[in-house]
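At position 416 of the sequence shown (counting the first as 1) the number is 416 in UniProt numbering, and the numbers step up by one without a gap.
These are calculated hints, taken from the structure and not from any lab test. Ideal Cβ positions, reconstructed from N, Cα and C, are used throughout, including at glycine. Please note that the accuracy of each hint is not assured.
As the list claims (entries may be wrong) - With a straight-line Cα cutoff of 30 Å, these simulated DSSO-like cross-link-like pairs (lysine-lysine) come out:
1. Lys263 to Lys451
2. Lys451 to Lys260
3. Lys288 to Lys451
As the list claims (entries may be wrong) - Label pairs and their computed distance ranges (CB to CB):
4. Val325 to Lys208: 48 to 58 Å
5. His257 to Gly98: 38 to 48 Å
6. Val443 to Trp113: 37 to 47 Å
7. Thr190 to Arg289: 32 to 42 Å
8. Arg416 to Thr224: 47 to 57 Å
9. Ala388 to Asn452: 50 to 60 Å
10. Thr383 to Pro412: 33 to 43 Å
11. Pro395 to Phe153: 38 to 48 Å
12. Ala440 to Ser193: 43 to 53 Å
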Amino acid sequence: METSHQTFGRRLSTSQLSYPNHTLGDIADLSFVRLGRVGRDKDLGPLLHPGQPLSKVRQTVLVCCIAQISIVEIGPGHRPGLVGALMGGVLACAFICGPLFGGLITQSASWRWIFNINIPFGLVALGAISFFWPQEPQMAEILTWSAFVSIDFVGGLSLLSASGFMAYGVLRGGSYAAAWDDPEIVAALTIASVCWAVFITWQYLLAKKHFPHIQPLFPIRLATERVYMTGLLVTLLTGFPFVPLTINIPQRFQIIHGDKPLKAGVHLLPMLGACALGSFASGAICSKRNFLCWILMAAASLQLIGLGLMSTLDDPDESVRQSYVYQTIFGLGTGLVFSAATILAAVKTMAHNDLAVANGAMAQARVLGGCIGIAVSTVIFNTHFNTALHEQLTPQQMSDLHRSPSSATQWPDEARGAVREVYATAYSEELKVLMYVAAATLVVSLFTYEKNPISIHEAVAAAKERNDKHHGPETDLSDLGSLRSTRTAET
1 METSHQTFGR RLSTSQLSYP NHTLGDIADL SFVRLGRVGR DKDLGPLLHP
51 GQPLSKVRQT VLVCCIAQIS IVEIGPGHRP GLVGALMGGV LACAFICGPL
101 FGGLITQSAS WRWIFNINIP FGLVALGAIS FFWPQEPQMA EILTWSAFVS
151 IDFVGGLSLL SASGFMAYGV LRGGSYAAAW DDPEIVAALT IASVCWAVFI
201 TWQYLLAKKH FPHIQPLFPI RLATERVYMT GLLVTLLTGF PFVPLTINIP
251 QRFQIIHGDK PLKAGVHLLP MLGACALGSF ASGAICSKRN FLCWILMAAA
301 SLQLIGLGLM STLDDPDESV RQSYVYQTIF GLGTGLVFSA ATILAAVKTM
351 AHNDLAVANG AMAQARVLGG CIGIAVSTVI FNTHFNTALH EQLTPQQMSD
401 LHRSPSSATQ WPDEARGAVR EVYATAYSEE LKVLMYVAAA TLVVSLFTYE
451 KNPISIHEAV AAAKERNDKH HGPETDLSDL GSLRSTRTAE T
């Protein structure tokens with residue numbers, strides 16, 4: 001199974017490429033297919049495999065940067081509930097397939113098959129896009145110099161640097177790769193702080209039209225939208241426990257119960273299946289009326305209940321069926337948030353030109369929250385390992401344990417038993433921390449409340465009115481997707 005370091009690298013790359021300028025999202029090539037072929041090369045394998053950020057870029061560009069935004073902009077814009085359900089369902093299905101394929105590949109074949117399997121899927125996706133993508137009347141304008149210079153490179157670079165250095169410093173310090181007062185960690189956290197300041201200042205300058213030709217990565221007007229910003233924070237806090245659990249639940253069954261990677265991945269299905277169900281349910285509930293604030297509150301409550309119940313399973317040998325039930329409760333709440341947040345972004349920005357940016361920010365928040373959760377989880381586990389096992393294990397074993405706790409499954413019985421006991425304690429401690437985060441999520445979700453929220457039909461009507469103003473040869477490039485949705489609604 002994937003280690004926390006590998007997942008951290010993959011998701012950090014995902015978080016940055018899933019938050020694009022929508023003009024940049026239109027400029028794509030076949031790199032995800034070509035890189036899949038390059039990644040399986042024997043010479044480049046060791047370079048790509050350990051951290052895996054580069055190995056996931058091709059999937060990131062296709063799935064998070066383009067596909068997610070395309071679903072919203074090209075899909076039936078007059079039915080945001082359906083769009084949210086579809087997107088949440090697709091993500092949840094991907095979450096289900098991930099541990100199954102990952103466990104099967106690592107158990108039955110070389111890790112290089114993770115790259116090889118992308119080639120046929122990439123070719124199928126490429127063919128589908130080539131044959132079924134709608135014709136754009138102004139497609140030629142996408143690849144112009146004016147479109148290129150409108151991309152917010154400063155905002156993207158500062159955001160990438162801020163997120164990367166912040167999470168890198170926390171992960172390195174938490175994994176005991178360096179001391180917290182080490183110049184490396186201090187420099188990383190300092191650079192992160194400076195980059196965050198640069199990003200915020202730059203977005204403010206763009207809002208003041210100091211550089212009118214650049215389209216801001218995150219318009220300041222979105223930051224003033226209370227309900228949207230609250231939904232963004234709820235999404236970030238939901239990613240915080242969800243991503244670590246997708247790693248630590250299979251890892252727990254490997255270390256404590258001695259399961260093989262494939263069987264350990266199967267234990268995630270209750271949580272991920274419930275996540276898929278919650279995604280569809282949220283879209284169905286909001287198909288006609290706006291119940292988003294109530295859905296987010298209920299979802300946060302389910303997350304808190306699920307994590308609270310999971311934290312009571314102190315006995316490593318306690319019934320596995322109980323953990324399945326508790327995972328299902330948490331997964332249902334997570335799926336509701338993922339889908340509701342997508343619908344919320346569409347409803348709150350449908351009357352403006354911020355739909356792609358708003359959904360990109362939601363994807364960024366979900367994955368960045370997961371990165372932070374992985375870093376905190378690593379700190380918790382390694383603190384317990386260093387405190388309880390530093391005298392029982394060799395330096396090499398401690399190093400392996402810091403990188404991947406599941407490496408202990410190959411050790412002698414005595415060392416494996418010691419790790420098993422400490423891991424169970426650390427896992428229980430982690431669940432308590434995640435429960436506190438879920439409690440914060442519930443409190444934050446209360447601020448999504450609106451006495452008279454805009455209805456789905458009103459949001460669609462506002463979008464139609466805006467698009468009608470641009471109807472004709474002067475239609476703005478960024479309105480093309482919404483125009484398609486409006487024309488669909490008219491028919």
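Against the structure, the hints:
1. The hinted pair formed by Lys263 and Lys451 fails the criterion: a straight-line CA distance of about 47 Å is larger than 30 Å.
2. With a C-alpha separation of about 51 Å, the suggested pair Lys451 and Lys260 falls outside the 30 Å cut-off, and the hint is violated.
3. For a cut-off of 30 Å, the pair hint linking Lys288 to Lys451 stands: about 17 Å separates their Cα positions.
4. Against the hinted window of 48 to 58 Å, the Cβ-Cβ separation of Val325 and Lys208 comes to about 53 Å, which satisfies the hint.
5. For the pair His257 and Gly98, the beta carbons lie near 21 Å from each other, so the given range of 38 to 48 Å is not met.
6. Between Val443 and Trp113, the C-beta spacing of about 44 Å keeps the proposed range 37 to 47 Å intact.
7. Roughly 48 Å separates the CB atoms of Thr190 and Arg289, a value that falls outside the hinted 32 to 42 Å.
8. Against the hinted window of 47 to 57 Å, the Cβ-Cβ separation of Arg416 and Thr224 comes to about 54 Å, which satisfies the hint.
9. Between Ala388 and Asn452, the C-beta spacing of about 55 Å keeps the proposed range 50 to 60 Å intact.
10. Range check, Thr383 to Pro412: about 24 Å between beta-carbon atoms, so the 33 to 43 Å window is missed.
11. Range check, Pro395 to Phe153: Cβ separation about 44 Å, and the 38 to 48 Å hint holds.
12. For the pair Ala440 and Ser193, the beta carbons lie near 22 Å from each other, so the given range of 43 to 53 Å is not met.
In terms of the numbered hints stated before, the structure departs from hints 1, 2, 5, 7, 10 and 12, listed from lowest to highest.
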